[in-house]
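Put together the whole structure using the sequences plus the hints.
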Amino acid sequence: MIDIEQLTKIYNVHRKEVVGVDHVSLSIQSGEIFGIIGHSGAGKSTLLRCINLLERPTSGRIIVDDTDITALSGAALREARLKIGMIFQQFCLIRSKTVFENIAFALRAAGKTKTEIETRVHELLEMVGLLDKRDAYPSQLSGGQKQRVGIARALANNPTVLLCDEATSALDPATTSSILQLLKQINRELGITIVVITHEMEVIKEICDRVAVMQNGRIVEIGRVYDLFTQPQQPLTRSFVEHVLRLDVPERLLQARTGTLVRILFQGPAAEQAILSDTLQTFRVRGNILHGKIEYINDTPLGVLLLELSGDEQEVERAIRYMAERTKGVEVIDRAA
Amino acid sequence: MPLETLAPELLKAFWDTLYMVGISLLAAVIAGLPLGVLLFVTDRGLFWENKPLQTILGFLINIVRSIPFIILLVALLPLTKLLVGTTIGPTAAAVSLSVAATPFFARIVETALREVDKGVIEAATAVGATPWMIIKDVLLSDALPGIIHGLTITAISLIGYSAMAGIVGGGGVGDLAIRFGYYRYDNTVMITTIIILLCLVQVVQFVGDSIARWIDKR
Ligand SMILES: Nc1ncnc2c1ncn2[C@@H]1O[C@H](COP(=O)(O)OP(=O)(O)OP(=O)(O)O)[C@@H](O)[C@H]1O
Ligand SMILES: [Mg+2]
Chain A
1 MIDIEQLTKI YNVHRKEVVG VDHVSLSIQS GEIFGIIGHS GAGKSTLLRC INLLERPTSG
61 RIIVDDTDIT ALSGAALREA RLKIGMIFQQ FCLIRSKTVF ENIAFALRAA GKTKTEIETR
121 VHELLEMVGL LDKRDAYPSQ LSGGQKQRVG IARALANNPT VLLCDEATSA LDPATTSSIL
181 QLLKQINREL GITIVVITHE MEVIKEICDR VAVMQNGRIV EIGRVYDLFT QPQQPLTRSF
241 VEHVLRLDVP ERLLQARTGT LVRILFQGPA AEQAILSDTL QTFRVRGNIL HGKIEYINDT
301 PLGVLLLELS GDEQEVERAI RYMAERTKGV EVIDRAA
Chain B
1 MPLETLAPEL LKAFWDTLYM VGISLLAAVI AGLPLGVLLF VTDRGLFWEN KPLQTILGFL
61 INIVRSIPFI ILLVALLPLT KLLVGTTIGP TAAAVSLSVA ATPFFARIVE TALREVDKGV
121 IEAATAVGAT PWMIIKDVLL SDALPGIIHG LTITAISLIG YSAMAGIVGG GGVGDLAIRF
181 GYYRYDNTVM ITTIIILLCL VQVVQFVGDS IARWIDKR
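From first to last, the protein sequence lines stand for chains A and B. Using the working numbering, the first residue of the first sequence is number 1, and each one after it goes up by one. Using the working numbering, the first residue of the second sequence is number 1, and each one after it goes up by one.
Errors might be hidden in some of the hints.
Stated by the list, open to error - Keeping only pairs whose Cα atoms sit at most 16 Å apart, straight-line, the calculated EDC-like set for lysine to aspartate or glutamate is:
{"no.": "1", "chain 1": "A", "residue 1": "184", "chain 2": "A", "residue 2": "299"}
{"no.": "2", "chain 1": "A", "residue 1": "97", "chain 2": "B", "residue 2": "216"}
{"no.": "3", "chain 1": "B", "residue 1": "118", "chain 2": "A", "residue 2": "123"}
{"no.": "4", "chain 1": "A", "residue 1": "112", "chain 2": "A", "residue 2": "126"}
{"no.": "5", "chain 1": "A", "residue 1": "97", "chain 2": "B", "residue 2": "117"}
Claimed, not checked - Restraint ranges, calculated between C-beta atoms of paired labels, are given here:
{"no.": "6", "chain 1": "B", "residue 1": "117", "chain 2": "A", "residue 2": "224", "range": "36 to 46 Å"}
{"no.": "7", "chain 1": "B", "residue 1": "47", "chain 2": "A", "residue 2": "169", "range": "35 to 45 Å"}
{"no.": "8", "chain 1": "B", "residue 1": "59", "chain 2": "A", "residue 2": "15", "range": "15 to 25 Å"}
These aren't lab readings, by the way, just hints derived from the structure by calculation. Cβ coordinates follow ideal geometry from the N, Cα and C atoms, glycine included.
Pasting the structure below:
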C-alpha cells in the first residue's frame, strides 16, 4: 500500500544540515491503522509530509498504490494527491469560507460539477455529523467540529490513504476520543488506510494496529501495538508504554507496607483467567491489592496489578514463581521489610 | 474670495480629486494586486518559488517607492505627455499618481498575504488544488480584509499626494488650497479646503473599515 524505501530528508538551515528523516524504510499494509510515535523533533511530521510530497525527500522513494510519488510533479502530483487525504493538528480550514465551501474546495480541485459537489458534501456532512453546520464559518465551530470538517474535506475525493498529523493534539480528552472513534469507523467502513502521528501512546492504544517508534529521524522499533505494550525492546518504547501502564500509589500506603510488593502484567489469555484467586487459594499467603487496571488494546485485555504479598517468606517466593509461570510478567518491586 | 465664486471652483476641484484618486486607485488594484501576489508566491517554500524573479521585482518596487513623489511627478512628465498627450490637468496627474500607488499597494498586498496561515495553504496543496485555486480561494479570500484595509490606506495616501500633483497643474482640492490659500493668503479657501480633505479622508476611512469588518469572518 505505502512503501517507503530509504527515505532521507535533510534541511539546510543557515548552511547547516538538519536531519529530519534518516534512512527510513517502512511498509504500511492496505486497510491498517498505522501509528508513528516519538517525541518532539523526532521527524514524525517530516516523514508523514513526504508521503504526499508536501516535503520533497532528499533521497529515497515512496510508493503509494503502486505509484512512485517521488517521481511526480505538476498535474500528475495533484492528481495523486486527490487520493491521499490529510488532516492537521490546527485543522487548517479556509476561515473566510463556510463549512460547505471548505469541503467543496476539495471537490472543485478534482473538477467535480456543481450538482456532484452538492450531493457529495451532503453525504460527507452526514458522515461526520455536521449537517446543521453546513453554512457556518470555521470561527463559529468548536475544535472537534473543525476537525470533523477537516476529515470531511480529506475524504471528499474518496482517497485510499488518510494521513493524520497530530489530529487530536489540540482537543480535550472527550473530543479526542470521539474523533478517534470516527477515524476507526472510517477505517472499518470505507477500508481507508490511515497513518496516525502522535506523541501520545493513548492515541496509539486506542486505534492503531501497528506502530513505529521514531527517534532522531530513525525508526527504532516497530511492531503490533499489543506486542510493543507487552514486550517493549527499546528504552524509548518502554517509557511510552510505562506512561500508559503506570500505577501511582500514595506514599503513605507504600510506607505502611510490610509484605513483598509485586507488579503483575496479565496479557492475552492470562488476563482472562482467575490467576490471582488460584494463587491465594494454593499458597498460604495473603494478598492485598494496592492498585490495578485493565487496558484493552485492539480488544485484547492487558492488565496490571500492584500486589502486596505477606506471609511465610518461602511461601511468598513460591507464590511469586507460580504467578510468574502463568503470566510471564511478574516484577518484584520491593521485598518484605 | 467671495463664496459665490468659491463654491463652483471647490466643486470642480472636489470632482477632480475624486477622479485622480479613483483612476490611480484602479491602477493600483489592476497592477499592484497581481504584483503583490507574485511577490508572495515566488517566496521560499511556496508553489512558484523563484528567488531571482522575487529579488528583481522587489528591487524595482523599492526603487519607485524610494523616490520622493514630487520628484517622481517631474520625472514622469515625458511619460505622461506620451500617454495622455498633455502634462497638465487631472488626467495627467493620475499617471504619476498611478505609478506611485502601484508599488505601494503591491507591498501592502504582499504583507496582507503573509498573514494567511501557512497551514491552510498546505492543506489546500494537499487536497490537490491548482495554484490558481489557491491564489483565488485561499490567499485572496482569507487576506481580503487586510487587502481592503490596505486599499483604504492607499486611497488616503493618494488624497495627500494628489495635493502635490497640483504643483504641476494637476487640479483638485489640494491644488486649490495651494493656489489660493497658500500663495494668496486666503484663509477662507485654506480652511474650507482643509475641511473638505478632512471629511474626504474620514469618509474613506469609515467606508474602508466598515467593508473590512463586514467581510472579516475571523
Ligand atoms: N521546514 C524545516 N526547516 C528546517 N528544519 C526543519 C523543518 N521542518 C522540520 N525540521 C527539523 O526536522 C526535525 C524533525 O522535525 P519534525 O517536525 O518532523 O518533528 P516531529 O516529530 O513532527 O515533532 P513534533 O512532535 O514537535 O511535531 C527537527 O529537528 C526539526 O527542527
Ligand atoms: Mg510534528
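Status of the hints after comparison with the structure:
no. : hint                        : in the structure
1   : 184(A) - 299(A)             : holds (13 Å)
2   : 97(A) - 216(B)              : holds (10 Å)
3   : 118(B) - 123(A)             : violated (29 Å)
4   : 112(A) - 126(A)             : violated (19 Å)
5   : 97(A) - 117(B)              : holds (14 Å)
6   : 117(B) - 224(A): 36 to 46 Å : holds (37 Å)
7   : 47(B) - 169(A): 35 to 45 Å  : violated (27 Å)
8   : 59(B) - 15(A): 15 to 25 Å   : holds (24 Å)
The structure fails to meet hints 3, 4 and 7 from the earlier list, while all remaining hints are met.
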